[in-house]
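**Student:** Here's the letter readout for the chains.
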Amino acid sequence: MARKFSGKDSSLVMYAMLTPTFGLLAVFSLVPFLWAFATSFYDYEVGGESKFIGLANYVEYLHDPTLFSSFGNMFFLMCFGLMVVTTAPLIIAKLIFSLRSERARYLYRVLFLIPIVVPGVAGMMIWQGMIYGDSGFLNELLRSIGRDDLTRGWLTDPRTVMWAIVFMGFPFAGGINILIYYAGLAGISESVHEAAELDGARGIRKFLRIDVPLVLSQIKLLTILTVIGTVQGFEGMFILTKGGPGFKTMVPGLWMYMNAFSFQRMGYACAIGVILFLLILTLTILNMRYLRSSEELTAESA
Amino acid sequence: MLRSLSLALILGLATWALWPRDAAAPEANGIAPSSGRNRKYTLRFAPGLYMPDRRPMDLGTPLQGLKKVAAAFERLYPDTHIEFTEAPVGSREYLVTQLAADQAPEILNVNVEDVWQDVQKGWYVGLDKYLEQPNPFVPKGQPGSRQWWDQFKYEALSRGKAAPDGKMYCLTFDMVETGIFYNKDIFRTLGLKEPKDWPEFMAAQEKIQKAGLIPLLLGNVEVADWGMDLIFDQVYGELLPGMNLHKDPVREETLAGYLDWDEIAFLYGKGFFTRRDPRFVETFRILKEWRRYWPKAMVTDYVKQFVTQKAAMWWSGSWTVNRLMRDPDVTFDWGVFYLPPIPRVSCRFADGHQQVVIGGAGTQFEVTKTAFNDTHDPATSVKLKRAIAFLQDLTLPQNTDRVVNEIVAFLPNIVGTEPNPSLMPFHEFLKRPCSKTKWLYTFDLRFNEIYRRMLELFLNDGISEDEFLTWMESNLRTASETVVRRKNLDLSKFESAWEANAVLRARFRELPSGP
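Protein chains in written order, with our numbering: chain A, 388 to 689; chain C, 471 to 985.
Hints in this document: simulated from the structure, not taken from any laboratory. Just so you know, nobody snuck in bad clues.
List of simulated lysine-lysine pairs, DSS-like, C-alpha gap at most 27 Å:
{"#": "1", "chain 1": "A", "residue 1": "K438", "chain 2": "C", "residue 2": "K591"}
{"#": "2", "chain 1": "C", "residue 1": "K839", "chain 2": "C", "residue 2": "K637"}
{"#": "3", "chain 1": "C", "residue 1": "K906", "chain 2": "C", "residue 2": "K717"}
{"#": "4", "chain 1": "A", "residue 1": "K629", "chain 2": "C", "residue 2": "K766"}
{"#": "5", "chain 1": "A", "residue 1": "K438", "chain 2": "C", "residue 2": "K839"}
{"#": "6", "chain 1": "A", "residue 1": "K438", "chain 2": "C", "residue 2": "K957"}
{"#": "7", "chain 1": "C", "residue 1": "K963", "chain 2": "C", "residue 2": "K906"}
{"#": "8", "chain 1": "C", "residue 1": "K591", "chain 2": "C", "residue 2": "K908"}
{"#": "9", "chain 1": "C", "residue 1": "K908", "chain 2": "A", "residue 2": "K629"}
{"#": "10", "chain 1": "A", "residue 1": "K629", "chain 2": "C", "residue 2": "K758"}
{"#": "11", "chain 1": "C", "residue 1": "K510", "chain 2": "C", "residue 2": "K538"}
{"#": "12", "chain 1": "A", "residue 1": "K629", "chain 2": "C", "residue 2": "K774"}
{"#": "13", "chain 1": "C", "residue 1": "K963", "chain 2": "A", "residue 2": "K438"}
{"#": "14", "chain 1": "C", "residue 1": "K599", "chain 2": "C", "residue 2": "K510"}
{"#": "15", "chain 1": "A", "residue 1": "K593", "chain 2": "A", "residue 2": "K607"}
For clarity, every value in this text was computed on a predicted model and none was experimentally measured.
Based on the sequences and whatever the hints tell you, model everything.
**Tutor:** What follows is the structure in structure tokens.
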């Protein structure tokens with residue numbers, strides 16, 4: 388005869404079920420973090436002897452020649468990324484949402500989502516070769532209009548490389564962000580739209596006054612994800628420019644990676660990692676505290 | 471149901487029809503497949519360009535030479551299996567992780583300067599004691615029967631690959647050298663000849679550029695490596711004896727006056743290699759002046775540019791001969807010359823002495839600590855003995871010939887093995903003295919990275935000369951401090967040599983003005 392679980396038994400079962408997942412999380416995420424934190428106080432070369440040096444790695448990073456340029460690049464990428472993520476996908480989501488035919492809405496959602504099946508790395512390689520290459524689209528276009536003098540290595544010229552990086556993926560229309568905004572727009576009650584229209588709000592005015600405030604939760608989510616992604620991410624730079632020419636596209640994450648695996652300065656790399664962790668934590672707290680979601684906004688209005 | 475079955479059948483047949491046939495399948499070339507099964511020792515071997523069944527540069531037929539040598543060795547030692555593997559040895563990440571985890575192939579082909587960074591960690595086997603003993607595979611009376619070293623044709627250059635700790639960690643299997651490949655048809659059309667000195671060289675490039683062609687193909691890494699070392703030697707040539715502080719009895723014999731990391735660190739403390747050192751500033755001025763003749767984007771497809779005759783010259787290595795000989799698209803006459811010397815008229819510090827060669831060693835085989843993981847003691851390891859025996863067998867003239875001369879890229883470094891006649895110009899180049907330092911390989915990889923990047927930026931007008939020199943000074947300071955700390959160096963030992971050399975420096979002007 389089956390015995391009914393008591394509340395205590397049920398909790399034990401839940402704990403038991405959580406344990407393997409938590410164990411794996413601890414082994415692969417929490418312990419490495421603590422190890423990295425401890426290692427940041429050592430001069431540790433892979434395969435060599437490690438020596439306790441206190442805060443020396445942190446002090447050295449403050450004097451690192453890449454510090455200002457890499458953080459400057461990171462904040463530039465973050466600002467550009469935030470500008471893109473809060474505009475282009477939202478506008479496209481709104482345009483799709485405004486289509487009358489449900490069939491057309493579905494079709495466009497699918498079409499805009501399809502680009503995500505292309506791996507990010509492959510997309511970058513396509514841009515690197517087909518758009519920015521020596522015989523790529525941009526240079527060939529310039530040659531065809533007789534402006535040979537303007538051709539250049541778009542990813543090797545220090546004057547153009549950063550813009551070439553941020554415009555990769557133009558017009559920034561594909562991907563999951565559109566669906567996130569679309570879901571937010573779909574969640575707005577029809578009565579809200581009707582009330583707004585009765586009050587005379589239409590077109591852009593309605594979009595800015597009604598839609599945007601009510602998708603603030605989505606904007607907040609994407610803002611946090613973009614901030615975290617920009618601070619942590621370096622794969623684009625790694626593949627395309629290795630942070631060059633010079634350090635024109637260096638970001639702290641890539642410098643951390645290079646110190647760890649290319650220069651074997653594991654302790655120093657860990658110190659950079661800890662600094663980046665603290666930066667992400669601070670920016671996320673600021674985001675959570677000062678950027679309001681649509682629920683908070685609605686509650687305030689009520 | 472029938473439709474689905476038919477569709478599946480068609481797809482199956484189409485897949486079978488389109489499945490690639492391997493032209494290099496073992497049964498197709500008559501070499502019996504060898505298996506590691508039932509063999510006690512497996513030696514993983516990353517042979518670089520000589521990887522069997524590969525077509526180097528996608529030209530010619532798949533290579534078989536090394537496979538034949540390995541098969542013969544396996545017959546001689548039935549307990550040993552040679553397993554070929556492709557290893558991205560140019561990737562530092564790969565080397566470090568594999569060596570630290572004791573997973574690296576037993577025999578690697580890595581530039582030995584990369585190995586020097588890690589010798590204190592015990593990741594590589596010192597080869598001196600084997601090189602000083604006879605090669606047991608060599609018949610009595612032949613070179614190598616007294617000591618293995620005698621088999622190496624370019625012995626001086628090979629011995630010059632000893633690490634700064636005086637030990638030898640690599641076996642120089644073949645030689646490589648750079649040269650300026652040039653399109654003879656273009657030279658003929660423009661009335662140009664092989665330049666004999668720097669002014670002629672610059673004038674030729676000017677003329678080629680005016681004709682609407684790229685004068686010289688040269689990449690970022692090459693200029694930071696070869697370009698810097700050769701210009702440095704030309705500018706500092708006369709002064710170098712007064713800067714040489716370390717007289718290593720082993721290395722000095724073949725690398726007279728070579729500046730190691732500790733000497734450069736000491737000299738930096740004396741004001742050398744800073745903005746107060748006019749020769750250092752002049753070295754980069756020459757590179758910058760030369761820059762205007764290279765392609766706009768220094769990472770372009772050089773093969774395409776040269777083969778399609780959009781560029782007249784290409785500074786590349788002897789491996790390029792393989793491409794130019796076998797590429798059906800090369801329809802023009804080509805030749806090769808060495809970088810010409812810089813006379814006093816082009817640079818007030820240069821004396822016009824013959825350009826040196828950059829290094830010479832091509833394929834450099836190292837034995838890793840994985841080779842003695844059967845006993846974890848090199849003295850008792852049979853596996854290590856097999857690894858050494860395989861290399862000894864490989865360096866027999868007939869085996870080297872079979873492997874190295876299967877492609878026209880490198881010059882065999884073994885006595886009794888002649889290079890392909892097309893490589894003879896490089897054989898002549900290799901008779902020159904060796905460069906006196908290697909800026910890209912002297913210090914740690916952090917120094918290399920910053921130096922290479924900032925030089926590239928400076929040459930491409932991304933930063934001013936002043937900014938560049940600031941970067942170089944700070945980079946050299948950090949690199950010097952790091953090498954002193956990590957290698958426990960005592961630079962004060964050079965003070966007496968520095969004083970003793972004062973007489974050699976006395977006749978020179980514009981010396982750096984101290985720390």
